[in-house]
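*Asks:* So you can see what is in the structure, the chains are spelled out below.
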Amino acid sequence: MNQPDLRVTIGDLVFKNPVLTASGTFGYAKEFAPFVNLHHLGGVVVKGISLAPRRGNPPPRIVETAGGMLNAIGLENVGLDRFISEKMDYLRGIGTRVIVNILGDSLEEYQTLAQRLSEVEGISGLEVNISCPNVKKGGVAFGTDPAMAEAVTRAVCAHTTLPVIVKLSPNVTDITQIARGVEAGGAQAVSLINTLLGMAIDVKSRRPKLANIVGGLSGPAIKPIALRMVWQVAQAVKIPVIGIGGITTTEDALEFLLAGATAIEVGTANFINPRASQEIVEGLGRYVTENKLSGISEVIGGLIVG
Amino acid sequence: MNQFEEQAEIVRQEQLTPEIFRLSLKAPEIASQARPGQFVMVQTASCYDPLLRRPLSIHQTIGNELVQLLYKVVGKGTRMLAALTPGQRLKLTGPLGHGFDFSDQQALCLVGGGMGIAPLYFLAKEILRTANPPKCVVLLGARTAAEFGPLPRDFMDIGVTQTHLATDDGSLGHQGFVAELLLQHLAPGNQWSVCTCGPHPMMKAVVKACRQQEWQCQVSLETMMACGISACLGCAIPRADLSGPYLHVCKDGPVFNANEVAWL
Numbered sequence: 001m002n003q004p005d006l007r008v009t010i011g012d013l014v015f016k017n018p019v020l021t022a023s024g025t026f027g028y029a030k031e032f033a034p035f036v037n038l039h040h041l042g043g044v045v046v047k048g049i050s051l052a053p054r055r056g057n058p059p060p061r062i063v064e065t066a067g068g069m070l071n072a073i074g075l076e077n078v079g080l081d082r083f084i085s086e087k088m089d090y091l092r093g094i095g096t097r098v099i100v101n102i103l104g105d106s107l108e109e110y111q112t113l114a115q116r117l118s119e120v121e122g123i124s125g126l127e128v129n130i131s132c133p134n135v136k137k138g139g140v141a142f143g144t145d146p147a148m149a150e151a152v153t154r155a156v157c158a159h160t161t162l163p164v165i166v167k168l169s170p171n172v173t174d175i176t177q178i179a180r181g182v183e184a185g186g187a188q189a190v191s192l193i194n195t196l197l198g199m200a201i202d203v204k205s206r207r208p209k210l211a212n213i214v215g216g217l218s219g220p221a222i223k224p225i226a227l228r229m230v231w232q233v234a235q236a237v238k239i240p241v242i243g244i245g246g247i248t249t250t251e252d253a254l255e256f257l258l259a260g261a262t263a264i265e266v267g268t269a270n271f272i273n274p275r276a277s278q279e280i281v282e283g284l285g286r287y288v289t290e291n292k293l294s295g296i297s298e299v300i301g302g303l304i305v306g
Numbered sequence: 001m002n003q004f005e006e007q008a009e010i011v012r013q014e015q016l017t018p019e020i021f022r023l024s025l026k027a028p029e030i031a032s033q034a035r036p037g038q039f040v041m042v043q044t045a046s047c048y049d050p051l052l053r054r055p056l057s058i059h060q061t062i063g064n065e066l067v068q069l070l071y072k073v074v075g076k077g078t079r080m081l082a083a084l085t086p087g088q089r090l091k092l093t094g095p096l097g098h099g100f101d102f103s104d105q106q107a108l109c110l111v112g113g114g115m116g117i118a119p120l121y122f123l124a125k126e127i128l129r130t131a132n133p134p135k136c137v138v139l140l141g142a143r144t145a146a147e148f149g150p151l152p153r154d155f156m157d158i159g160v161t162q163t164h165l166a167t168d169d170g171s172l173g174h175q176g177f178v179a180e181l182l183l184q185h186l187a188p189g190n191q192w193s194v195c196t197c198g199p200h201p202m203m204k205a206v207v208k209a210c211r212q213q214e215w216q217c218q219v220s221l222e223t224m225m226a227c228g229i230s231a232c233l234g235c236a237i238p239r240a241d242l243s244g245p246y247l248h249v250c251k252d253g254p255v256f257n258a259n260e261v262a263w264l
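Going line by line, the protein sequences match chains A and B.
Take the first sequence: its letters are residues 1 to 306, numbered as in full-length UniProt numbering.
Take the second sequence: its letters are residues 1 to 264, numbered as in full-length UniProt numbering.
Don't read these hints as lab results, they were simulated from the structure.
Note that the structure is predicted; figures quoted are calculated from it, not measured.
Careful: at least some of the hints might be erroneous.
No more than 27 Å apart at the CA atoms, straight line, and that leaves these computed lysine-lysine pairs for DSSO-like [stated by the list, open to error]:
1. B/K76 with A/K209
2. B/K91 with A/K30
3. A/K209 with B/K251
4. B/K72 with A/K209
Here chain A stands alone, though its shape is the one from the complex:
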């Protein structure tokens, strides 16, 4: 029997299937090697990298909520130099596309990251994080104003030869405006959504459960919101959309593809089932075969309305 065709194209990049792993939920890929055949994935988006190493926020940093989790990790990462020297050798050998998520406190930092990573072999693209809710500077500050989002995108695109994906925050009034700004700035794609700002309180101690007081909500609880935003953005921009937000099963992934996403990223599901991303790849293959489709790309934007 023929293998189902799961290939999708984003800009000039062809991915073997539309299943990527979301930044911050898959480490630097090696952590998942005992559980997942990494080369079966469409791609891996690695933990967000900043110019200097970041310690992140004080603990407690995560709290479970109904159908989701709140995190306030605060972008802890090894920094650009150690990422290149310690993590890239392994990532070059995993047999799938590696997208590096980057974050900065200033336009200059984003530019430097883009430039330096463009010189590193084995990286297929950059995902620009302008949407983390857990840091005081940078992060979401760039992602809530269409003009700022456009400026960051433009700055990154001017300093790299790699395809640029910009990851959007849902913590805005109208996400389509930010998406249009990013498109105008020259991004090859947008990915959405990052986490929704939330909080949880311990009623015994009357204290917030997170040391940072507020954090980012992720997991199945946010899926309907993410799906709605992906659908809205897919209609508002011409560039491809990568859907993120509570994708836990094959059916979830299909919903995002139908809503107009060209690819998806699996996030919190990696924590609750380390094999989730691979199981979704397998599930999409079965869906294509069982429905006698020419390929998964037939599903993209296939939502029937009215």
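Guided by the hints, dock chain B onto chain A, whose structure is given.
*Replies:* Leaving out everything else, chain B in the frame of chain A:
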């Protein structure tokens, strides 16, 4: 270290006290690799609430086949776990983290409080299995005699000759904190190596006593964690000097040298 994701079959679910349960699972890959002090991430339900797996220390392995977990019902996840019956299956990831180091020790003392007793049983068994077992003293603490369930007896049954108990209400053994037993039962001049697991204030008191006597001390820590494999970075704890990058309980621990971590 090899790690596995296993669809484990429940072989036995025992209720030891009104709140404490012992679960035996058929998980041969994890069982054959696990070392005392390591843990597993346990799926408690196949729904989205609770969402995350629970980190539980390994109470013992049996015959390279079974993994046994000792847990207390404290919330929704553990309540659902307690409702599972033999024949049902649940997913386990493990063995995870670094365990206790008990090689080349002349005299070991294991100090456990509450559910912290769970991994110390595995440790005691492995210590006693070594060719020339070192001296091994076990000190256990609980709020009441009833809360111990059969655990003190279990230690005696595997050949631990010195097991001393403390309870908050004095219903069994010494009335007071288990850390107080250290100075009562360990000869001060000896080079003891202490392994402890339990509530934070208890371990803090054990660490303080060890520092006074210049005894080595290993602590097994517990924190909130989502993945257990160093991807979420949720289980951060500060280093002893409060500077530098955080340590992560899942990867750098859960067992640490007491001097590595901050005792706030």
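*Asks:* Confirm or reject each hint.
*Replies:* Hints, verified against the model:
1. B/K76 with A/K209: holds, 17 Å
2. B/K91 with A/K30: holds, 21 Å
3. A/K209 with B/K251: At roughly 23 Å apart (the allowed maximum being 27 Å), B/K251 and A/K209 satisfy the hint.
4. B/K72 with A/K209: holds, 22 Å
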